[in-house]
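2 protein chains.
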Amino acid sequence: MSLLVIGTVAFDAIETPFGKTDKIVGGAATYISLAASYFTKNINLVSVVGDDFPNATIKLLQNHHVNTDGLQVLKGQKTFFWAGKYHNDLNTRDTITTELNVLENFNPIVLESYQDCEFLMLGNLVPKVQQQVIGQLKKRPKLIVLDTMNFWMDIALNDLLQTIALVDVLTINDAEARQLSGEYSLVKAAKKILNMGPKYLIIKKGEHGALLFNKDDVFYAPALPLEEVFDPTGAGDSFAGGFIGYLAQSKDISFDNMKRAIIFGSAMASFCVEKFGTEKLIGLTQEQVDMRVQQFVDLVQFDITLV
Amino acid sequence: MSLLVIGTVAFDAIETPFGKTDKIVGGAATYISLAASYFTKNINLVSVVGDDFPNATIKLLQNHHVNTDGLQVLKGQKTFFWAGKYHNDLNTRDTITTELNVLENFNPIVLESYQDCEFLMLGNLVPKVQQQVIGQLKKRPKLIVLDTMNFWMDIALNDLLQTIALVDVLTINDAEARQLSGEYSLVKAAKKILNMGPKYLIIKKGEHGALLFNKDDVFYAPALPLEEVFDPTGAGDSFAGGFIGYLAQSKDISFDNMKRAIIFGSAMASFCVEKFGTEKLIGLTQEQVDMRVQQFVDLVQFDITLV
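Residue numbers (this note's numbering), protein chains in the order written: chain C, 1 to 307; chain W, 1 to 307.
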């Protein structure tokens with residue numbers, strides 16, 4: 001029984017209204033793995049970096065219960081690099097630089113020792129590569145979660161639709177749900193997207209929380225109102241990591257347990273944005289995680305009994 | 001014991017992506033009174049119209065338990081008229097016409113029979129006029145709720161700040177909270193605004209729900225994801241009406257009961273936007289209201305017990 005995570009392990013350079021960083025460690029799979037590590041201790045990583053990637057970070061991942069045997073380190077090549085600048089509202093950003101580097105010809109390999117995968121998290125990546133990973137699994141996992149973004153809707157829609165048809169849960173943001181469905185109403189958008197294959201759709205709305213849809217039900221999870229949002233990079237990935245990490249640990253994929261998982265995912269996202277990069281996701285205590293989750297419980301709890 | 005409502009009773013002409021209306025009945029106090037009428041049967045109205053205002057609507061308000069003795073009908077004058085056009089996202093709108101008419105010299109009169117007021121709802125109106133109403137009350141109500149908008153922040157900020165200092169609960173939207181406080185973070189904005197006088201602040205976020213703040217606590221109420229939002233006009237007023245109507249009926253102004261009141265207010269707002277103008281707020285059954293509130297309960301309910 002394990003959680004398999006694929007996605008980028010990368011360098012980012014980030015500028016927000018509160019400061020800027022040099023090259024720091026980022027990447028969807030990095031955030032996902034770190035966030036998931038607070039819930040499950042059996043995480044297998046499939047990704048690729050160049051030999052410019054710091055060994056210390058690979059060690060750090062290992063210390064967070066992440067098996068990095070499936071992390072390819074390509075000699076003489078460079079790690080994927082993204083640089084971006086956030087606007088003042090932190091909800092929108094411009095990409096300054098994208099250097100694909102090792103991602104250009106990434107050929108993911110699911111090791112034999114990874115085949116016991118019960119939970120598969122497909123972090124944001126080329127849809128074709130995401131499909132390849134599903135194709136390499138001898139037994140279909142109990143749950144496949146897919147995270148993607150508008151970029152792939154723009155340049156590889158058909159590939160993306162094929163990947164979407166193969167998964168159980170799709171996570172995208174509200175603008176992406178509107179783009180993918182052509183519907184402004186998120187309720188209508190959800191209906192159309194659920195017809196594309198997934199049984200569950202999570203629409204992430206940043207500071208406005210997240211919605212979970214299946215055919216019959218909908219759940220609205222709040223976001224924690226924060227005094228300071230420092231850097232939104234990785235918030236969606238941290239959410240996904242907390243979500244699937246909690247599910248993998250509890251092994252219960254009912255709608256009711258997904259609601260809980262979304263709260264745990266939201267808690268991890270709320271940590272993530274409080275510092276630059278992955279900094280806040282490193283070395284959290286169980287008590288800190290529990291206290292944060294309790295804040296979410298307190299935030300939305302009310303007591304109405306209708307006769 | 002009664003609920004006193006002041007605000008506009010007006011004509012609106014509305015254009016949304018889904019259609020447009022001729023002059024129809026609108027106005028903050030109209031929406032507030034109708035929404036509140038589903039919770040409390042003792043509503044006193046202070047407002048003004050011209051003799052072009054339909055008697056049938058005054059009758060309708062009376063049928064909804066609204067005492068209209070304090071509604072001045074000015075002979076030979078015209079009712080306040082607003083025309084507006086919503087953009088495609090329904091979150092923003094342009095004002096096409098504003099004809100103040102009877103509002104230009106509105107002199108509100110709190111009748112002797114209205115002096116038993118325990119709950120006062122100051123609907124959106126000139127801040128000076130809102131203050132005049134407070135000044136005419138011989139005994140301070142148990143709870144004063146103030147709704148206002150960016151327009152008064154732009155042209156009458158000092159008057160508005162004086163009014164804000166006199167009330168218990170302020171309701172504004174997120175953009176207005178940012179404008180009033182000069183803070184982007186709503187948590188920081190709330191702190192500053194609570195220092196201006198009110199003990200409670202409600203920040204309305206439209207399709208993203210609402211936040212209730214006091215000095216120590218925060219509550220996040222969702223909005224119901226709707227398939228069709230037809231016309232957002234009056235949603236904030238319907239919210240305020242449901243909120244104060246529920247409080248007036250239960251006579252409990254604790255933070256916990258305000259959380260309930262916000263859910264009832266949100267339910268009334270969710271009805272309001274489903275049709276043009278006040279149409280959907282007329283003749284709802286208790287069962288319809290209860291079912292809608294139950295949808296809110298189901299929408300956010302989750303069960304996490306931390307050890």
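In case anyone wonders, no lab produced these hints; they're calculated from the structure. Treat the hints with caution; some may be incorrect.
Only some residues are given here: those of chain C computed to face chain W with a beta carbon under 8 Å [claimed, not checked]:
(1) L103
(2) K205
(3) F219
(4) L226
(5) E227
(6) F230
(7) V293
(8) I304
Because the structure is a prediction, the values reported are computed rather than measured. Heads up, the beta-carbon is just placed ideally off N, CA and C, and yes, glycines get one too.
Hint check results:
1. L103: violated (34 Å)
2. K205: Holds - the Cβ of K205 of chain C comes within 8 Å of chain W, reaching about 7 Å at its closest.
3. F219: With Cβ-Cβ at 7 Å, under 8 Å, it holds.
4. L226: Check passed: Cβ of L226 of chain C comes within 6 Å of chain W, closer than 8 Å.
5. E227: holds (4 Å)
6. F230: violated (11 Å)
7. V293: For V293 of chain C, the interface hint holds, since the closest Cβ of chain W sits about 6 Å away, which is under 8 Å.
8. I304: For I304 of chain C, the interface hint holds, since the closest Cβ of chain W sits about 5 Å away, which is under 8 Å.
Against the hints set out earlier in the document, violations occur for numbers 1 and 6.
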